[in-house]
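Residue numbers (the working numbering), protein chains in the order written: chain P, 1 to 287; chain R, 288 to 557; chain S, 558 to 839.
Source of the hints: derived by calculation from the structure; they are not laboratory data.
Glycine residues also receive a C-beta, built at the ideal position from the N, C-alpha and C atoms.
Treat the hints with caution; some may be incorrect.
Now the stretches of chain S that chain R is said to cover, found in silico as 3 or more residues with beta-carbon under 8 angstroms [stated by the list, open to error]: (1) 608-617; (2) 639-645; (3) 711-720.
Per label pair, the in silico range of CB-to-CB distance [to be verified]: (4) R:D462 x S:K636: 14 to 24 angstroms; (5) R:F495 x P:R147: 20 to 30 angstroms; (6) S:K813 x R:L457: 30 to 40 angstroms; (7) S:G590 x P:G198: 32 to 42 angstroms; (8) R:G340 x P:R147: 25 to 35 angstroms; (9) S:G625 x R:W384: 34 to 44 angstroms; (10) R:V435 x S:E692: 55 to 65 angstroms; (11) R:G519 x S:P690: 17 to 27 angstroms.
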Amino acid sequence: MGIVKASDVVYEYIRRDEEGNVEGITTAIDRVNFDIAPGEFVAIVGHNGSGKSTLAKHINAILNPTEGTVWVDGMDTGDEGSLWDIRQTAGMVFQNPDNQIIGQVVEEDVGFGPENLGIPTKEIWERVEESLRAVGMYEYRKHSPNRLSGGQKQRVSIAGVLAMHPRCIVLDEPTAMLDPSGRREVIRAVRGLNQVEGMTVILITHYMEEIIHADRVFVMDQGKIAMEGTPREIFSQVERLKELRLDVPQATLLAHELKKRGVVLPDGILTGQELADALVGKKRGQG
Amino acid sequence: MLRDITLGQYYQTDSVIHRLDPRVKLGGTLLFIISLFFFQHFPGYVAAALFLGIVIKLSHVPFRFMVRGMKAIVFLLILTVAFNLFLTPGTELVSFWKLTITWEGLKTAAAMAVRLTMLIIGSSIMTLTTTPNNLTDGMEKMMRPLRVFKVPVHEVAMMMSIALRFIPILLEETDKIMKAQIARGADFESGNLLKRAKAMVPLLVPLFVSAFRRANDLALAMEARCYRGGEGRTKMKPLVYQKRDRIAYLCILLYLAVSITAGRLVWMWI
Amino acid sequence: MSIILDHVNYRYGEGTPLETAALKDVCLQIPDGQFVGIIGHTGSGKSTLVQHLNGLLKASSGRIYFNGEDIYDKEYDRKKLRSRVGLVFQYPEHQLFETDVFTDVCFGPKNLGLDRRETELRAYDALRKVGLPDELFYQSPFDLSGGQKRRAAIAGVLAMKPEVLILDEPTAGLDPRGRDEILGQIRELQTKTGMTILLVSHSMEDVAEYVDRIIVMNRGSVMYDGTPREIFTHYRELESVGLAAPQVTYILHELKDRGLDVDVSATTIGEAADTVMRALGR
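In isolation and in its complexed conformation, chain P is listed as follows (with noise of 0.2 angstroms):
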């Protein structure tokens, strides 16, 4: 069993209307099966309300499935003994950088998990400084978070789950609300995680640029799975993409027109350099 492990997991919430009366009651996740490895680097896309937030929030306990079971590290999630052991070992991050800091300063703000968790003074201070390093804020350690950006705050927030020493981290939408350049930043500091220290990450998101670089990836619709593969693959069902209303990488959008056009491309062109690769090749082939 992996570090994080879903099986045959549904949601189902009660809508209600404003009198408390039943209105209906809505699935927000559909059978959803996976298996994550130790040190894996796994993307879930999918538009607003296609269950991906809810799902991470059973990563970390926060939502328990209504049916199925969820594992962390083998803890099952729906047992309230091991809640913090599970919120610790599964660490997250969520959407909004304003409203998951604590902390006047960045450094008592990452300092804010250890504490919860019993952790001695000397080590919080040794913990603080590794994870501030960790996604390159160390020097911002004095600093009041109101004066920081969207994306350093997202990377002091990262951080403060670092501290924690987990052994997983869920990224919720951490770059909805960033401009281009903290967006880069973001993913950049997620980036280091997962290849230096070799930490799982588990990134939700509705830029397609950002799932790029996962080893695998989810695409969820309507609650369920609706696809499941590497970037490569997933990127090469360009039409099926269109369906699901999601963005494609523009690379791969032009083979696909170009293939529609007559031109023979292979499968599952992400950069700009490997359409050019394939280009060039057939113009010399021609000539």
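Given the coordinates of chain P, work out where chains R and S should sit on it, guided by the hints.
Chains R and S in isolation, oriented as in the chain P frame:
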């Protein structure tokens, strides 16, 4: 605009005052304020001003910055001075229209103005040099004995610290909401009291909705980081008195002795 | 009929130690009916700029003319200006407050002192224009989805019948589907009504295929001003200020560098495919 309010905002720099234990600063500020109300005569104020001057110098916070923060309360200051100036009975000094200024009035007004100014600057030094977290930590520790009476000291301190963190965010948000509604023709400035109160609705509803959403998000984020109340928590920055804190306490006591003596005894040679 | 900015400067916190120049010597002319994208990253001054156009912020120096009239003139009715230049802010959550969508949209026209009939007519018209389905009119605005909230917010400003519509980051926080829908709706609005629309965004890619003209803001100044095609020829300079041209531009440059004779100024996938096909001799 709203973000210009600097009163009580932490000013980030490094100084002896910044490094002092928050309990010293809390206690010191309290004693300083009490001392101001013990003075009856001029030399006491000189002593207080001198003490304050030294502390300001040591704090490395630009004086300009403190004064700017005071702008918000100038009105209150003027009001207090005016009341004292015109409403204190005694020997008449000048009189015009229905207003009379008395010698006693002038003296009380001047004393009041000086007291208030020093009180405000004194307490703003505390907040300028202490991170709100540190401050609440200090209060939490100072009030720990109250736990015996089932006062939830940790929870109150945590709430205060969170409130302080969100004040600048909510101020900025208020500014944005106001602009968004003004762009839709809302008028926050004219009309009578009732009309103005009604005009606040388009501002307050989005602000409350947002504040509740933030509170909800924050609670979730805190739980995700294993927050479960004060039990079993350790501190990243535990409060331990250092040598400099003991020296600071001595300095404060010394100041108290000097200033109160000066402020009360000097009348003999006037 | 147009908007003219003549050497506009704006400084934040004037007279304080924290004084910073937010706009530096901005000169622009925006003719009637144009669809303009104002691009820049956070802090580039793009939001500050548009808040000048409806008088929410007053320039430290310089003049702004709306339809030939100086908006800083003593006689000028600046309150009226706010209804003629409609500004929709980034987060719809900052303006929605009524119990139902329809009443919320009525807020603007009601503030203009219009009678009930006219107010409701305008609200209805505005909601139709943004494509919000009828069954949502009497829902609480807080129950709408992100994209629907955005539409309701735009309708709230449209109901004042502005001559110019400014949208500050209308796609922030939306998913690709929501983004495409709202931008498509805005384009439709523009072609149908011919009104001047200013779209503020930090994403070149999002606006490139919609607008006639792009104004790039950087550090409070206008860095580039031209058609998308012209702007993207500066893709290297854009990158140095934290902006990026659409990926297509990079792909075409890559192809050209590798010896394929393509026209690098194509901005959409269709155009790019055309030029690649030509280069391949097909």
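Evaluation of the provided hints:
1. 608-617: holds (count 3)
2. 639-645: holds (count 5)
3. 711-720: It holds: at least three residues are needed, and the stretch 711-720 of chain S offers 3 whose Cβ sits within less than 8 angstroms of chain R.
4. R:D462 x S:K636: 14 to 24 angstroms: holds (19 angstroms)
5. R:F495 x P:R147: 20 to 30 angstroms: holds (26 angstroms)
6. S:K813 x R:L457: 30 to 40 angstroms: For K813 of chain S and L457 of chain R the Cβ distance comes to about 52 angstroms; the hint is violated.
7. S:G590 x P:G198: 32 to 42 angstroms: violated (57 angstroms)
8. R:G340 x P:R147: 25 to 35 angstroms: Since the Cβ atoms of G340 of chain R and R147 of chain P sit about 29 angstroms apart, the hinted range of 25 to 35 angstroms holds.
9. S:G625 x R:W384: 34 to 44 angstroms: Hint violated: Cβ distance 51 angstroms, outside 34 to 44 angstroms.
10. R:V435 x S:E692: 55 to 65 angstroms: holds (60 angstroms)
11. R:G519 x S:P690: 17 to 27 angstroms: Distance hint for G519 of chain R, P690 of chain S is violated at roughly 53 angstroms.
Hints 6, 7, 9 and 11 from the earlier list are contradicted by this structure; the remaining hints agree with it.
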